[in-house]
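Undergrad: What follows is each chain in one-letter form.
Protein chains: 2
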Amino acid sequence: MSKQIYASDKIKQAVLERLKKLGERVVSDLERGAFPRLEIPARTTSNIVYDERLRQYVLGSRRMERTARNVRHLRPFAQLLWIAAFAKQLIQRGKTSTLRDTYYVAIGEGIDFEDQDESDELIMQLESILDFPREDFNIFPEERASIYGDLVIEYTVPGFRGKRIDLSAHPDGFAIGPALTTAEFVKCGAEQVFVIEKGAVFARFVEEGADKKYKAILIHTAGQSPRNCRKLIRRLHDELNLPIYVFTDADPWGVHIASVLIHGSALSAHIKEINVPDAVWAGVWPSDIRRYKLPSMKLSERDIKRIQELENDPRYQNDPWRREIKEFWKIKRKAELEAFSRYGLEFIVEEFLPERLAELQKR
Amino acid sequence: MSKQIYASDKIKQAVLERLKKLGERVVSDLERGAFPRLEIPARTTSNIVYDERLRQYVLGSRRMERTARNVRHLRPFAQLLWIAAFAKQLIQRGKTSTLRDTYYVAIGEGIDFEDQDESDELIMQLESILDFPREDFNIFPEERASIYGDLVIEYTVPGFRGKRIDLSAHPDGFAIGPALTTAEFVKCGAEQVFVIEKGAVFARFVEEGADKKYKAILIHTAGQSPRNCRKLIRRLHDELNLPIYVFTDADPWGVHIASVLIHGSALSAHIKEINVPDAVWAGVWPSDIRRYKLPSMKLSERDIKRIQELENDPRYQNDPWRREIKEFWKIKRKAELEAFSRYGLEFIVEEFLPERLAELQKR
Numbered sequence: 000m001s002k003q004i005y006a007s008d009k010i011k012q013a014v015l016e017r018l019k020k021l022g023e024r025v026v027s028d029l030e031r032g033a034f035p036r037l038e039i040p041a042r043t044t045s046n047i048v049y050d051e052r053l054r055q056y057v058l059g060s061r062r063m064e065r066t067a068r069n070v071r072h073l074r075p076f077a078q079l080l081w082i083a084a085f086a087k088q089l090i091q092r093g094k095t096s097t098l099r100d101t102y103y104v105a106i107g108e109g110i111d112f113e114d115q116d117e118s119d120e121l122i123m124q125l126e127s128i129l130d131f132p133r134e135d136f137n138i139f140p141e142e143r144a145s146i147y148g149d150l151v152i153e154y155t156v157p158g159f160r161g162k163r164i165d166l167s168a169h170p171d172g173f174a175i176g177p178a179l180t181t182a183e184f185v186k187c188g189a190e191q192v193f194v195i196e197k198g199a200v201f202a203r204f205v206e207e208g209a210d211k212k213y214k215a216i217l218i219h220t221a222g223q224s225p226r227n228c229r230k231l232i233r234r235l236h237d238e239l240n241l242p243i244y245v246f247t248d249a250d251p252w253g254v255h256i257a258s259v260l261i262h263g264s265a266l267s268a269h270i271k272e273i274n275v276p277d278a279v280w281a282g283v284w285p286s287d288i289r290r291y292k293l294p295s296m297k298l299s300e301r302d303i304k305r306i307q308e309l310e311n312d313p314r315y316q317n318d319p320w321r322r323e324i325k326e327f328w329k330i331k332r333k334a335e336l337e338a339f340s341r342y343g344l345e346f347i348v349e350e351f352l353p354e355r356l357a358e359l360q361k362r
Numbered sequence: 000m001s002k003q004i005y006a007s008d009k010i011k012q013a014v015l016e017r018l019k020k021l022g023e024r025v026v027s028d029l030e031r032g033a034f035p036r037l038e039i040p041a042r043t044t045s046n047i048v049y050d051e052r053l054r055q056y057v058l059g060s061r062r063m064e065r066t067a068r069n070v071r072h073l074r075p076f077a078q079l080l081w082i083a084a085f086a087k088q089l090i091q092r093g094k095t096s097t098l099r100d101t102y103y104v105a106i107g108e109g110i111d112f113e114d115q116d117e118s119d120e121l122i123m124q125l126e127s128i129l130d131f132p133r134e135d136f137n138i139f140p141e142e143r144a145s146i147y148g149d150l151v152i153e154y155t156v157p158g159f160r161g162k163r164i165d166l167s168a169h170p171d172g173f174a175i176g177p178a179l180t181t182a183e184f185v186k187c188g189a190e191q192v193f194v195i196e197k198g199a200v201f202a203r204f205v206e207e208g209a210d211k212k213y214k215a216i217l218i219h220t221a222g223q224s225p226r227n228c229r230k231l232i233r234r235l236h237d238e239l240n241l242p243i244y245v246f247t248d249a250d251p252w253g254v255h256i257a258s259v260l261i262h263g264s265a266l267s268a269h270i271k272e273i274n275v276p277d278a279v280w281a282g283v284w285p286s287d288i289r290r291y292k293l294p295s296m297k298l299s300e301r302d303i304k305r306i307q308e309l310e311n312d313p314r315y316q317n318d319p320w321r322r323e324i325k326e327f328w329k330i331k332r333k334a335e336l337e338a339f340s341r342y343g344l345e346f347i348v349e350e351f352l353p354e355r356l357a358e359l360q361k362r
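As you go down the protein sequences, you meet chains A and B in turn.
Going by numbering that gives the first Met the number 0, the first sequence opens with residue 0, and the numbers climb by one from there.
Going by numbering that gives the first Met the number 0, the second sequence opens with residue 0, and the numbers climb by one from there.
Some clues are possibly wrong.
Since copy identity is lost for identical chains, a pair holds within one copy or between any two.
[To be verified] When the alpha-carbon atoms are kept at most 30 Å apart in a straight line, the in silico DSS-like pairs for lysine-lysine are as follows:
| hint | residue 1 | residue 2 |
| --- | --- | --- |
| 1 | K87 | K292 |
| 2 | K2 | K214 |
| 3 | K94 | K2 |
| 4 | K212 | K162 |
| 5 | K87 | K20 |
It is worth saying that the hints were derived from the structure and are not from the lab.
With the rest of the complex left out, here is chain A:
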């Protein structure tokens, strides 16, 4: 076992410190005979503000009080303390959990949660109090994105601490779970990152050697990117200084996958820095449908409703977002990344990719 102190160790240490302070505050209130109270950032849409420096939506200054003096606060107050105690145990024992597992452990210990929604909500409250995402107190998403490319990592998780693996050794991709999320980057031959919504297109990029031709790390988000994958992309950008290009379908769901990677999600506005403001949405754009004469489908009722929602979202007021949403209304059609295969399987990597990258780098 390596005795080196990793960045992820320091983060866990910082989380433990904050958990300790949280507990001390409650204990000190109790010891001087006062009702314990906490201030919790208000996680409502009316309390979301755009942070120019971070270039993402964050919570504003509004806070709500939670106090044991109020009998209606008593239950969520106790639940929150249990979640905090569970988080502390996870870190100290080097274990991980999921939102769902946490709910079941709570049930087993007699904590009275109505359903998982309630325990999820309290985990998010703890995130906002600690100002750390739940992955930093070892609660990970069930979903798995995957990664492939010229990057050697060193694990920091128990049992694998200090071991290394070359992420170009398995062409089907390495699942991004707790071990990869907390790993150190040791050696990187790549110069950029391609983030891809679809598994088929990820496989296509590998098969056509896009990783070698463009010195790129390839990431498959499997739809909307799980949070730990978004954090990993952020780390690739911050720590290795790699530009990030995002490839999604030209439908409102694909567009929003790119937008969340770049601007952050409303649901995670209480968590900072898991988005990448400098990341670039590289296609397939609705305007590519006409430009490349792509096979396309009519927008469904559901698509249209979703595009209307996006139109009113503050994250969609600038180009390319505004321009491309206009294009949706003009053509009333959508297309998938795989649609480039109409020009043969190689086209997307050999023709579209260099064209698009050149265009984006010219701007």
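Dock chain B against chain A, hints included.
TA: Okay, now just chain B, sitting in the frame of chain A:
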């Protein structure tokens, strides 16, 4: 590049032979001035029979004729020949595709498919004519299962041919794509395989060291297992003689995931030997809900309708299936694999697993 001939090379060679014969039959008909015709196994539920030797449902002897003499057959006949030609190209060029990519390539080459359903149907016809699953002519699922454990594989795909990797080197799991599906098994320290529906439980098994404690390869199916993952499980059983234990939720969807792995799916009755008749459904059983006092949820309307369907399915007429379906009706409740966490995160691996394995091995 390794010059060794792998088992997967031989399979591709056999598929190429059959494709060649298919083409020769058509050409010879044309050369002697006859309308080309083909006989295609009828893929209807009324033509599905139980094969005692294979212990799975397979297609019966009914065939349908497709002949260029009939003007209504002309279009699907031509489409089928295009699919066959595309399959040949994929194998010869060492490329892979997906159902969707294949549809788009067809569109690009002016093949008149109404929608992807139509091209999918013709790919399945080609499977039934060739008697090989589409993975053997390089059309792979988009979905990715993953694998972890004491198994060294050797790749047979271009670019990686002859290279090896140890599947215990990355604890988050290796994605199961074209490269893993066609790899050779080189060295295996495991004595059994645990197939797991849920990502959270896969991560739990890794974290609690189930792979070492029980000398097990762990596979995460991510819901209903993709076909290439089912084939891989079959190969682990056939080539390495490993017993297979399947872990799913105790709801009709989980039960059916286990059943399809064991008995095969109706949709794939024209494809042989991607199921494992000897695999064992190890839990969580509906009867475990009472036995282990698991947190459970009421069956929904949709669950109940689905259980009624399963009840009438020939695959559900014997125990444990019949017994456990009765239990559903008795308790009207369902539970998830994660529900064992009510006894702490370690319980499923340290208590439930040895108990269940001992019980199953006693039978």
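Undergrad: May I ask which of the numbered hints given earlier this structure violates, with the numbers listed in increasing order?
TA: none
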